[in-house]
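Using the sequences provided together with the hints, build the complete structure.
Taken in order, these protein sequences are the chains called Z and P.
Under our numbering, the first residue of the first sequence carries the number 1, and numbering increases by one thereafter.
Under our numbering, the first residue of the second sequence carries the number 1, and numbering increases by one thereafter.
In case anyone wonders, no lab produced these hints; they're calculated from the structure.
Just so we're clear, the structure is a prediction, and the values are computed from it rather than from any experiment.
Cβ-to-Cβ under 10 Å is the rule here; a few derived chain P residues that face chain Z:
no., residue
1, C19
2, A49
3, W50
4, V53
5, A58
DEER-style ranges, computed between Cβ atoms:
no., chain 1, residue 1, chain 2, residue 2, range
6, P, S28, Z, Q333, 35 to 43 Å
7, P, L29, Z, R658, 51 to 59 Å
8, P, I12, Z, P792, 49 to 57 Å
9, Z, E238, P, L29, 22 to 30 Å
10, P, L6, Z, L649, 24 to 32 Å
11, P, L6, Z, D789, 49 to 57 Å
Ideal Cβ placement from N, Cα and C applies to all residues, glycine included.
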Amino acid sequence: MLEAPVLIAASLFYLGLLFAVAWWGDKRADQGRSLIASPTIYALSMAVYCTTWTFYGSVGRAAVSGIGFLPVYLGPTLVMALGWIVLLKMIRIVKANRITSIADFISSRYGKSHGLGGLVTIIAVVGIIPYISLQLKAVSNTVSLLLSYPEIVMPHRSATMSVGADISFYIALILAAFTIVFGTRHLDATERHEGMVAAIALESVVKLVAFLAVGVFVTWGVFDGFADIFDRVAAHPELHTLMTAIPSGQGYTGWFSLVLLSGLAILFLPRQFQVAVVENVNEAHLKRAAWLFPLYLLLINIFVLPIALGGLLHFSGQGVDADTFVLTFPMSQRQEGLTLLVFIGGLSAATGMVIVETIALSTMVCNDLVMPMLLRHNRAALAESKDLSGLLLGIRRGAIVVILLLGYLYFRLAGEAYALVAIGLISFSAVAQFAPALIGGMYWRGGTRGGALAGLSAGFVVWGYTLLLPSFAKSGWLPGDFLAQGFFGVELLRPQQLFGLTGIDEISHCLFWSFFANIGAYVGVSLLRPPMVAEATQATLFVDALSETGQGGAVLWRGRAQVSDLQELVGRFLGPNRAQTAFAAFARRHGRDGDSTPEADAKLVQFAESLLAGAIGSASARVMVASVAKEEPLSIEEVMHILDEASQLRTYSRELERKSRELTAATLELRAANERLQELDRVKDDIMSSVTHELRTPLTSIRAFSELLRDDPKMHLPDRERFLGLIVSEAERLSRLINQTLDLAKIESGRADWNGCELDLKEVIEQSIAATSQLVREKEAHIEVDLPDNLPLILADRDRLIQVMLNLLSNAVKFLTPGSGRIRVSLSHREDGLEVSVADNGPGIRLQDQELVFEKFRQVGDTMTAKPSGTGLGLPISRRIVEHFGGQLWVESVPGEGATFRFFLPFAPEQSPGGAPQVA
Amino acid sequence: MHRRILAGDRLIAAFLTGCALFNYPLLSLFDRPSEIFGIPLIYAYIFAAWALVIALMAWAVERHFK
Numbered sequence: 001m002l003e004a005p006v007l008i009a010a011s012l013f014y015l016g017l018l019f020a021v022a023w024w025g026d027k028r029a030d031q032g033r034s035l036i037a038s039p040t041i042y043a044l045s046m047a048v049y050c051t052t053w054t055f056y057g058s059v060g061r062a063a064v065s066g067i068g069f070l071p072v073y074l075g076p077t078l079v080m081a082l083g084w085i086v087l088l089k090m091i092r093i094v095k096a097n098r099i100t101s102i103a104d105f106i107s108s109r110y111g112k113s114h115g116l117g118g119l120v121t122i123i124a125v126v127g128i129i130p131y132i133s134l135q136l137k138a139v140s141n142t143v144s145l146l147l148s149y150p151e152i153v154m155p156h157r158s159a160t161m162s163v164g165a166d167i168s169f170y171i172a173l174i175l176a177a178f179t180i181v182f183g184t185r186h187l188d189a190t191e192r193h194e195g196m197v198a199a200i201a202l203e204s205v206v207k208l209v210a211f212l213a214v215g216v217f218v219t220w221g222v223f224d225g226f227a228d229i230f231d232r233v234a235a236h237p238e239l240h241t242l243m244t245a246i247p248s249g250q251g252y253t254g255w256f257s258l259v260l261l262s263g264l265a266i267l268f269l270p271r272q273f274q275v276a277v278v279e280n281v282n283e284a285h286l287k288r289a290a291w292l293f294p295l296y297l298l299l300i301n302i303f304v305l306p307i308a309l310g311g312l313l314h315f316s317g318q319g320v321d322a323d324t325f326v327l328t329f330p331m332s333q334r335q336e337g338l339t340l341l342v343f344i345g346g347l348s349a350a351t352g353m354v355i356v357e358t359i360a361l362s363t364m365v366c367n368d369l370v371m372p373m374l375l376r377h378n379r380a381a382l383a384e385s386k387d388l389s390g391l392l393l394g395i396r397r398g399a400i401v402v403i404l405l406l407g408y409l410y411f412r413l414a415g416e417a418y419a420l421v422a423i424g425l426i427s428f429s430a431v432a433q434f435a436p437a438l439i440g441g442m443y444w445r446g447g448t449r450g451g452a453l454a455g456l457s458a459g460f461v462v463w464g465y466t467l468l469l470p471s472f473a474k475s476g477w478l479p480g481d482f483l484a485q486g487f488f489g490v491e492l493l494r495p496q497q498l499f500g501l502t503g504i505d506e507i508s509h510c511l512f513w514s515f516f517a518n519i520g521a522y523v524g525v526s527l528l529r530p531p532m533v534a535e536a537t538q539a540t541l542f543v544d545a546l547s548e549t550g551q552g553g554a555v556l557w558r559g560r561a562q563v564s565d566l567q568e569l570v571g572r573f574l575g576p577n578r579a580q581t582a583f584a585a586f587a588r589r590h591g592r593d594g595d596s597t598p599e600a601d602a603k604l605v606q607f608a609e610s611l612l613a614g615a616i617g618s619a620s621a622r623v624m625v626a627s628v629a630k631e632e633p634l635s636i637e638e639v640m641h642i643l644d645e646a647s648q649l650r651t652y653s654r655e656l657e658r659k660s661r662e663l664t665a666a667t668l669e670l671r672a673a674n675e676r677l678q679e680l681d682r683v684k685d686d687i688m689s690s691v692t693h694e695l696r697t698p699l700t701s702i703r704a705f706s707e708l709l710r711d712d713p714k715m716h717l718p719d720r721e722r723f724l725g726l727i728v729s730e731a732e733r734l735s736r737l738i739n740q741t742l743d744l745a746k747i748e749s750g751r752a753d754w755n756g757c758e759l760d761l762k763e764v765i766e767q768s769i770a771a772t773s774q775l776v777r778e779k780e781a782h783i784e785v786d787l788p789d790n791l792p793l794i795l796a797d798r799d800r801l802i803q804v805m806l807n808l809l810s811n812a813v814k815f816l817t818p819g820s821g822r823i824r825v826s827l828s829h830r831e832d833g834l835e836v837s838v839a840d841n842g843p844g845i846r847l848q849d850q851e852l853v854f855e856k857f858r859q860v861g862d863t864m865t866a867k868p869s870g871t872g873l874g875l876p877i878s879r880r881i882v883e884h885f886g887g888q889l890w891v892e893s894v895p896g897e898g899a900t901f902r903f904f905l906p907f908a909p910e911q912s913p914g915g916a917p918q919v920a
Numbered sequence: 001m002h003r004r005i006l007a008g009d010r011l012i013a014a015f016l017t018g019c020a021l022f023n024y025p026l027l028s029l030f031d032r033p034s035e036i037f038g039i040p041l042i043y044a045y046i047f048a049a050w051a052l053v054i055a056l057m058a059w060a061v062e063r064h065f066k
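Following this line, the structure appears as structure tokens:
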């Protein structure tokens, strides 16, 4: 089932699926419902780092150097831990300056320099070409292998093979066409590529699943688990070095170099910069990606060594290239489905890399290489054209084709001499050259354009001499004695033992010399002269990108320009309609709708420049804007002054915001406190008026009886005693009334003292009944109790509960008919608390009065005839006490049959309206 | 604000831990011909250290940036 038509159909179907996902992603982006607004998708898109190098090459590397395949994944893991610091800063800078590529980034940092952008582009293109050829090699190898299925025949290439007969040439063309359709379909030169990111994320899932599937198949399908593989290897002494040692050819220096190199690559490879920085939707996604992406790397590497060792055992002596084990293993087992899955997985790894890398590179070539040249030599021709957006896309498409053909060329020239991983490392070393200028530029204000140019050039030349040229020499395209005897036969200049440095591997050798030259030249030349205005301005914007008082909003332009000129200029590159929309939106945002001043202010000029920068790069945008405006240069003091002012303004406004927030909070608090006070005041007034009224009654009686006694000295002794008794009892009532009023006021204002402790409710009730026994006896009533033993303890205030019980009991007694009264007190266990009920057989309470009894100074019953005998405060106080402990107090009654007062106390008191229960 | 600073510091600590664990000389301590659970020591060590660093990062990020 693995004939050519099936392979082609499967590949086309898969590429079509990717295309559909990309189309969907773009559509959702247009609707404003981003498909990729998730940290997981962001992390998966970063996994474009794993190319066929990982998918096929890691196993090949492991078959030669054991765990030597791992350091290139440890480096990125470490850098992701710093992602929140370094990547975040890069993202902020890129968003603030509308930067589209790494060349743009460096050029923008050093004063929007054309020369620097061009140099970075050249280094990136030359450096990445071996990497692209690696993908071509891997895909064409797998296709050749599959075409000879079920035989396993290693693809053999001869240097004389014609291009027309070479399958990898067609693969390069197909990839170019696919990338063009994918990345430069329509005119969104300024936008990010959301659809592409969605497709890349899907590819990352596919390649991981495919690789894990082979790993599981080899480890448990062919062998019997990890331990089994390692056991069998033990019988082959020649394989022992793979499992025990850091490979001797590499050593710890080589190991460290790879960790460092890959850590830099994760930041500076054009495709990583594209997905991690340019395509970042939300900087918060960095957080989860910081560990999710390393986790992806770990997962895709778990089965590398088992497959490599298994392959070495399985294909021992058959001449199968270890770089193909991932595919040849399922082939040799006749697992056609798995083989196809692996092929698609490898295709995912290759297409993902090629698409993002060439799109990133083509943007750089267009913005930082071709546009500046056109601007320099063909300014007149550019000025005539009304709409240049087509030209921009054309340049990018051309660049994609050229880059892939260069990749093919390198593959023809040098690809055979190296394993996949060795080719990739050449590219890693090239992009590492960006590190000094870029990292230095983000953290050091002193770096200058001259320094960056010198450093990059020096590093690039050393890289070419120590790593790229030897790769040509090893494949026979340069004379081999160049390696052995050095340039012009000068032994000190032997490219891989430069100045006699030996004892380290070629990557460490290149890394050391190139960084030595690069950093030395960058720092040395930068220190020769102070930064110029443009450099110092950009340095401040870049270095302070993360500071709290960032410079956003500073207007660093002075001069005269016409709005119409600017709009026409932007329209030429973005299309007139989009320029119109953008300018109108800007006017709306700044409240200048309908303002038809022909003169553009500095803000609008900067806005136009940033729009252009997105399309043609910051350096070209600067030149184009300068061409339609009369500019007055700012001095360095002025620039610094403006930046300082902007940053101070920011500090002030932040301070102001904070103050006003605090003020609002304080006002709210004040208002709440005031309301509380007023409420308390109202309660106090209520009580005062009721109290004065209630106090008058006993006072009047006392006064009346006292006057009687005073006025009638001849009063009989029994009458005198009766009156005196009344006076005493009224006085008692008066003091009780005053005490209870004070008590209630205390409870209501939250100032009452509560002494919470765990207590046995049964004991409280018994004590209360004992205290009221005299009253009960006087009424000749009968009291029944039903108090079960061993009930749980409850958290409450003993004295207060006794107060409640006394109240309820004396209340019940008060209304009993003398002689036939009965009171029943019972205690029962509820799910979450205890319930107490006090029932009497008195007259009962009418339904409409049942809530009134809990109001202050309200004594139900016929107040006209019956003399009030209580204070009218007992029940309200009792209810508040019960509520304080999270419970409820209520009454149930049928008039004529008596009344039952019940209260419930929970085991775990919750916050009650009167404040939290205080447990002293 | 303080939590963010703490999380940032923890990530830097994870970075430094990883730098130490993944390189000479700690690495060389495990470069011996022995096995743990049937798996070569160096292989087991690197994957364990790697997983540890990832776990540290996840802990720092997920707990403290919320």
